[in-house]
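Undergrad: Residue strings, one per chain:
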Amino acid sequence: MVELVWLIPALPLLGFVILVFAGRRLGEPVAGWLATAVVAASFVVSVIVFLGLVGLDDRVFVQTLFTWIPAGDFVVDIGLYLDPLSAAMILFITGISALIHMYSIGYMHGDENFSKFFVYLNLFVFSMLVLVLGDNLLLTFLGWEGVGACSYLLISFWFGKPANATAGKKAFVTNRIGDWGFLVGIFMVFFTFGSLSYSDILPASDGLAQTTATFIAVMLFIGAIGKSAQLPLSVWLPDAMAGPTPVSALIHAATMVTAGVYLLSRINPIIAVSADWVPMLIAWTGAITALLAATVALAQTDIKKVLAYSTVEMLGFMFLAVGIGAYWTAIFLMIVHAFFKALLFLCAGSVIHGMHENQDMRVMGGLRVLMPITFIAYLAGWFSLAGIPPFSGFFGKDEILTYVWQENKALWVVGMIAAFLTAIYIGRQAFMVFFGEQRWPAYLAKLAVVPPAVEAANEAAAVGASVDEPAGPLTDAQDEAALAAATALAVSDTPGDGLDDDVELHELPDGFTPHESPWLMTIPLLVLAVASLVGGLLNLPFPRSAHYLDNWLEPVFEGSAVKLKLSTGTIVGLLTFSTVVALLGTAFAAAAFLYKRINARRLESKLFANAWYYDTALAKVVGGPGTGAFEATASFDRTVIDGAVNGVGGSVPRMGQALRQFQNGYVRRYALAIGVGSLLMLAFMFSRVVG
Amino acid sequence: MRGIDAGYLVLSAILFSIGAFGLLVRRNPLVMLMCVELMLNAVNLTFVAFGMMLGDIAGQVIVMFVLVVAAAEVVVGLGIVVAVSRRKPGATADDIRVLRG
Amino acid sequence: MLGQIDGGGQLPAELEQLLQSVDATGGAAGVAEIAAPVVAWSALVPIIVLALGALLLLTLASLLRGRIGPGFFTGWTIGVGLVSFVTAIPVWAQVQGWEQSFLWWDPADSASGPFSTLGGAMGVDGFSVLLTMLIALAVVVCALVLSGFARREGDRHVEANVLLLLSAVGGVVMVGANDLIVLFLGLETLSMAVYVLAAMNLRRVESQEAGLKYFVLGAFSSAFFLYGIAMVYGGTGSTSLVDITDFLSTNLLLGGSSVLVLLGIALMVAGFAFKIAAVPFHAWSPDVYDGAPTASVAFMASVVKVAAFAGMVRVLVVGFDTFAADWRPILQVLAVLSLVGGALLAVVQTNVKRLLAYSSISHAGFILLGVEAASEQGNRAVLVYLVAYTFMVIGSFAVVSIVGRTGDAMHSVDAYRGLGKVSPALAATFTFLLLSQAGIPFTSGFYAKFYAVVAAVDAQSAWLAVVAMLSAVVAAYLYLRLVVTMWFVAPGDQTPSRGLVIPVSTGIALVACVAVTLFIGITPDPLTKVVDKAQPVVVQPPAPVANGTGDLNVDQLLGLLGEGGAGGAGGAQTPATGGR
Amino acid sequence: MGTDTVEAVVFVACALIVLGGAFGVIWFRNPVQSALSLVATLFGVAVLFLNMNAQFLAAVQVIVYTGAIVVLILFVIMLLGVDTADDIDAEPLVGQRVIALVIAAGVAGLVIAGVTIVGGDLVSGARAATAAITDDVPNIEQIGRVLFTDYVYALEITAVLLTIAVVAAVVMARKPTEVEPLPQESSSMEPPEPVEPEAEEVFD
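Residue numbers (the working numbering), protein chains in the order written: chain A, 1 to 691; chain B, 1001 to 1101; chain C, 2001 to 2580; chain D, 3001 to 3204.
Looking at chain A on its own, in the form it has when it is part of the complex (with noise of 0.2 Å):
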């Protein structure tokens, strides 16, 4: 059963080639559903691959499809690569990603460039296939970029918006960076063991001398931080989820950014042998991230950008799981991650489109009435995220801070903050969203009596851009207009009103009311929902034989990962803390959002509303001041990755003028440069026979 793995990447890869030609001429309803139904029967057939796989002693297969660049003695195959690690990414990836599908069909309906969308979302599906499964680096890296090319695509979908083009143009300068340390460590891949393959380099990362194997952990780390984005690569994606769509944005979620985690624990042999800082500075890397993503998250007003530095969050807690050697517990997470991030990518989505693409929070409240399904599944995305038992995120986060626990106190320390943020945070996205008071009609009134300058300006910023990054202007010259509106915006905008200006808002009709999505939308919720509530099954705590997922991935990581020695009574004792720390946070939340007991806005300070200022700092730091943050992130992508060509920028034209001269036009001095040539080279021959 194995044998049919190929199917799993080719059926994304048949539906991406109907789509793109045909797409346009099927129209609406039957482009998305054949999209659907490719991924749908990708995901059987990845569930058929996998109990083929559980069949097998050695749970190792490789397929050999054909030989895709021969060159002598290195040989690079297109061939693909099932272990217990790619089974179980190749079933969440083709489950939620049919499941999306599914979802856009009802999202994107009425959009005029709907096939299009899909022909994305079918492409992008495959390249991730093929980053999974693909059983070579160069194969990685191929759906490595696949990925990033479609996440470009994807968050520019409506590229007649700048922010989104401004978002798009920054997600593919910072993976640069990222791809740059990939290729880098691609390379000395090659050079030091002469082949590509997985099957080739895993087993023989023993023997690798300490150096090399710190040299490749790092570049590989640098291309994962990029694709993952942790700090200091995490500019990216907070902005990309200003793409158009929630789709889009839960795909990066749920699958894209988990590649760089998937990448660390594939080659977990060659970091085992790296230097010990290496996996410090992973972890660590990872740690600091979640604490300051969390802080962000806090602050935000924007529905999806809670998330989107939710996920972030997140993705620094499976960092810090690979960091400290606990790779399963990172896989374990990346698996409920996906299901329940996705569930409230898709339950914001939902309420988005209830509210007419309304995405700031502060107009919403009260929808737990108007759209019930919605807010049923969005409880068992919150509570999992939140941390709360037995939602599958309890078990997901809380594996890992045991095993930091036992690792690292004061990385349990940094982990356990950033936990509690997470319950506080998820917690007053959902009061201020589905409870409370209704808060639309009031805004509604307030835009009423906006003063005409501000409206033309926020008219200007609506056709124009929207100002989605308050901390990092946009100074590029062709949004000089956007910056105009934005600053009319910011001046005209009284303090603690309750609205700033940093998402954009839409007309609402008169008389509106929030309205459930239709079922396209809402099955997929349910089936996500029941997901996250039971996600935890695949990997109890207790007892041992309960560990299916870590028992599954053993082979994988055998040899390079921590065994928990940890007692019974301290397991318990931690899950028992992080449960009450979870519900604190809830309570406090509840406290602070819901009935208003606590002042929330120091929460909500400019400092994290900002994230840190983290986008400025790197402006001011790179690029000076009063330059945009993708200013300076394009510059040091100038100065850094292009430095070959823009940094020697000058003198090659320059030294292209002065070879120019000798282009004079005049035949004879052609003929001399022949007559020198052909003379150097006699000389040369002779002083061969006579040296």
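If you are wondering where the hints come from, they were derived from the structure by calculation, not from laboratory data. What you were told as hints is all true, and nothing was included just to trick you.
Partner residues aside, some chain D positions facing chain A, computed with beta carbon under 8 Å: (1) Leu3093; (2) Gln3096; (3) Ile3099; (4) Ala3100; (5) Ile3103; (6) Gly3106; (7) Val3107; (8) Leu3110; (9) Ala3113; (10) Gly3114.
Computed from a prediction, not measured in an experiment: that's the story for all the values here. The beta carbon of each residue, even a glycine, is placed where N, CA and C say it ideally should be.
Following the hints, complete the assembly by docking chains B, C and D onto the known chain A.
TA: For chains B, C and D alone, coordinates are given in the frame of chain A:
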């Protein structure tokens, strides 16, 4: 080794160089063409001399081919020179330098 | 001293036999029988098709003046190219020892594998057959480009098509030349036709200038080349690569005795370097590409380089592999100069044709990497690069020929401003081809560069690979600059105001070029499989048939071939050395 | 002994003629004089061929080179009326002559040095690899025999080469003004671009 054998080779080397030098310093395209002929003749001389020293007839046969090439080259070259001269009578090789850079 | 035989160079047995027969019959019969060389006609068919096709076309056009027009000429040329391609397939089959039922003749007891024919003057191996096919296809595509170009320029004459075919004959002769003189004649045939093709646009004075420059410099460099052949002749006693490899494998040329061969190699490299436009022998190429009719440039940029590189590989890597240590440094220097010079000079160009000329110089540097490696790996790289490059460059110049518009003069970069808005399909095509030239993955250019770099690394020239990659980065900048100009810059004065007319034939050519580039880019495996079977070798020819009847049938010849091939001794299979 | 002396004397005489002629080609300002000097060189080479027992080549050299090629060149000189003196005093290209001289001296010097250090018989190649030169058979027959056996392929290619030469002559002789009018759709197409003015300027 016969001194005269070396003589043929030295002569042809000098002849070749004179032809090359002429092509590099003369501007009249027709004279440049003649210089190419000089170079080809030098090569012919070399071929025959080598053939003689090797006791091999091939050297002489090759010269036949070079002769044909030289003839064809002259025809093509003169054709182009004529075409150029028609556009700009009396143009030297230095005058045609619209294309450069 | 005549007839004195040096210890190393044995008189071939056949020759001795021949001499005896001359003695025996000389007096009585007056003229001795001529020992006719074995002719493997099947292998000659592709060349004959091209040559006869050209002559027939010329004849028909003269006889049926006015009754047949450019459409017929183009159709004929394409037909000839395709037939030549198809007739090369059985030769490939024979060389590769495919199922015999595939052959149209009955090979009976014939041996398969590479062989040489016509007294060893023509080598038939995977290398030559593959490149013959490539040239035949290039002729087809170029004829398509030429058709659209000529129609627009109002050129209703047949000569361009005839010259295209005759030039291709020269190219095909070169790729299979096992004799330096044959190589030289092929080179001259190829070049002579191209000089005329360059000078052909009588309306543009630049065209004549291009023709004259190309001609003067070409004649100059072929004189060097020929002098090199003379040196080699003196040094080895023969111009036949079969004899040369044979001689070199049995005679160790050291010190003074190697000087003639070495000087000869240097001079021959000069000739090759001119044809492939390697720096500093490159100066003609920007001017010629700039001035010549764009359709001709497509041909000269592709076929001339293919043939020249083929000759280079055959002579240096196969023929003089024993001197690899001597000529490799030269090629390394040429490669570096070409890579860097091409890229640097291209950056400052404002004329697209010149820009592409410099970029093709840079490409030549990459291919030189493959030649320089002097290994099977290197040969493979050369072949892959040539195949990829041919279609990229023809496609690129096809686009340029369209954008040049009537008069073929609009070639400044400004003419491409905003092309993406005016003519999106054309701009997209050009973008793709440029990206391929830049070596972006999923295009054939990527693999071409990849193999070249791998070959260099394999041949212990990693530093060359580094230079190559750096120059590729610089070059990528200029391709991207063009792409940006097309898509992100507002249309300017020189941009066509309306969509450009893409002639159907040129359109077909473009589709073909893009298809090949994309196909190789996605799955290079079929190509590399073919290329792996296309290593150049030098094989002893079969013994001449002294029956004097001239009634040779192929079976008999191929039968003889077996002996000949087996008797090839040291010189038969010459796997290139120089690897690790 | 005697033949050697004769050969040497003939060689020296012819060498002087050859070099003198070659020198004349690049020295004379008038292309006609250059062409006539070229004739001297070609004759000298023909005699040297005789000296080397290449009788047939000597004949061909005279017939083809002096009889056809030089006459053709002279023809064109007359046709174009460029028999005026060239200005060869000034050299617009800096360093051109010096470097050219270096190249010429270098190439000649290296080749001469090369052949002299070969040692032995000046050639290192295999003897009579193609066909031995013999006094038994006439020179023409020997050449013919090799021409139609070992070099038959090359011989055939020269046919193609000459065809190209003919086509080239036809193409290049065509006057631009004689270009046939554009086909029917010419009304919709733009007229052919006139020659760029700047091009004309440069040519003037």
